[in-house]
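J.: Sequence:
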Amino acid sequence: RIDKVEDLNSLFMMHTKIVRNSWNKKQNFMTIQAGEKDSIKSNMGIVNSDNSLVGITYTTTDHFSTVISLINTDLMISAKIKNLGHYGSLMWDGKHPNTMQLHDIPKHAKVEIGDTIVTSGYSNILPANINIGVITKYKPEKNTNFLNISIDLFTDFTNIQSAYVVNPMWKFEREIIEKKINK
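Numbered per our numbering, the sequence shown spans residues 1 to 183.
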């Protein structure tokens with residue numbers, strides 16, 4: 001049930017069961033019970049029933065797919081502060097399974113504790129406005145013009161059993177046109 005993404009008509013969604021999940025490693029992955037025979041491919045977004053980001057599909061077989069979890073130190077997500085529009089890179093430092101860090105937000109941004117963080121829509125994998133979490137603390141980074149922002153995640157990775165696969169229907173058309181400008 002996604003009701004906060006900008007354009008519901010442009011999304012493919014499929015409910016799936018999570019059959020394996022890790023949350024206590026540096027590189028956490030899940031396995032979902034949906035695969036190529038269900039039209040699942042690599043680089044599709046995964047959300048929970050509350051429209052909160054879980055991860056991105058990584059590898060697929062006929063009936064299963066692995067998901068690189070949001071709490072994987074190798075994953076970087078383009079995210080924005082919902083009410084401000086400032087965007088940056090969201091990364092996990094490998095410490096707490098419910099906290100991530102948002103980088104590249106300028107010091108002049110009027111950030112507040114409790115601001116909601118959502119996907120920016122700037123990647124070709126995730127549509128805009130999928131919920132991620134809320135700001136719990138921030139401080140200026142030393143010797144830069146940016147803030148160091150901590151985010152508490154909406155998804156509880158220690159207690160998740162099912163999810164939805166999300167794929168923007170116009171993803172492949174966007175890839176074609178963006179390749180033309182990257183020549």
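Some hints could be false.
Unchecked claim - EDC-like mimics (lysine to aspartate or glutamate), calculated; alpha carbons at most 16 Å apart, straight line:
no.	residue 1	residue 2
1	25	74
2	41	74
3	37	93
4	139	156
Said to hold, decoys possible - Here are the simulated distance ranges between beta carbons:
no.	residue 1	residue 2	range
5	145	33	24 to 30 Å
6	63	140	33 to 39 Å
7	106	152	20 to 26 Å
8	106	180	40 to 46 Å
9	49	84	23 to 29 Å
10	39	180	42 to 48 Å
The hints are simulated quantities; they were obtained by calculation from the structure and are not laboratory data. C-beta atoms are modelled at their ideal positions from N, C-alpha and C, and glycine is treated no differently.
J.: Would you mind marking each hint as holding or not holding in the structure?
T.: Taking the hints in turn, this is what the structure says about them:
With a C-alpha separation of about 12 Å, the suggested pair residue 25 and residue 74 falls inside the 16 Å cut-off, and the hint holds. A distance of roughly 19 Å separates the Cα atoms of residue 41 and residue 74; the hinted pair therefore is violated under the 16 Å criterion. As the CA atoms of residue 37 and residue 93 are separated by approximately 35 Å, the hinted pair breaks the 16 Å bound. Of the pairs offered as hints, the one joining residue 139 and residue 156 is violated, with about 25 Å between alpha carbons and a cut-off of 16 Å exceeded.
For residue 145 and residue 33, the Cβ-Cβ distance of about 46 Å falls outside the hinted range of 24 to 30 Å, so the restraint is violated. Against the hinted window of 33 to 39 Å, the Cβ-Cβ separation of residue 63 and residue 140 comes to about 49 Å, which falls outside the hint. Between residue 106 and residue 152 the Cβ separation comes to about 22 Å, which falls inside the hinted range of 20 to 26 Å. In this structure the hint that residue 106 and residue 180 lie 40 to 46 Å apart at CB is violated, the actual value being about 31 Å.
The hint said 23 to 29 Å for the Cβ distance between residue 49 and residue 84, and at roughly 27 Å that hint holds. Evaluation of the 42 to 48 Å hint for residue 39 and residue 180 yields a failure: the beta carbon distance comes to about 26 Å.
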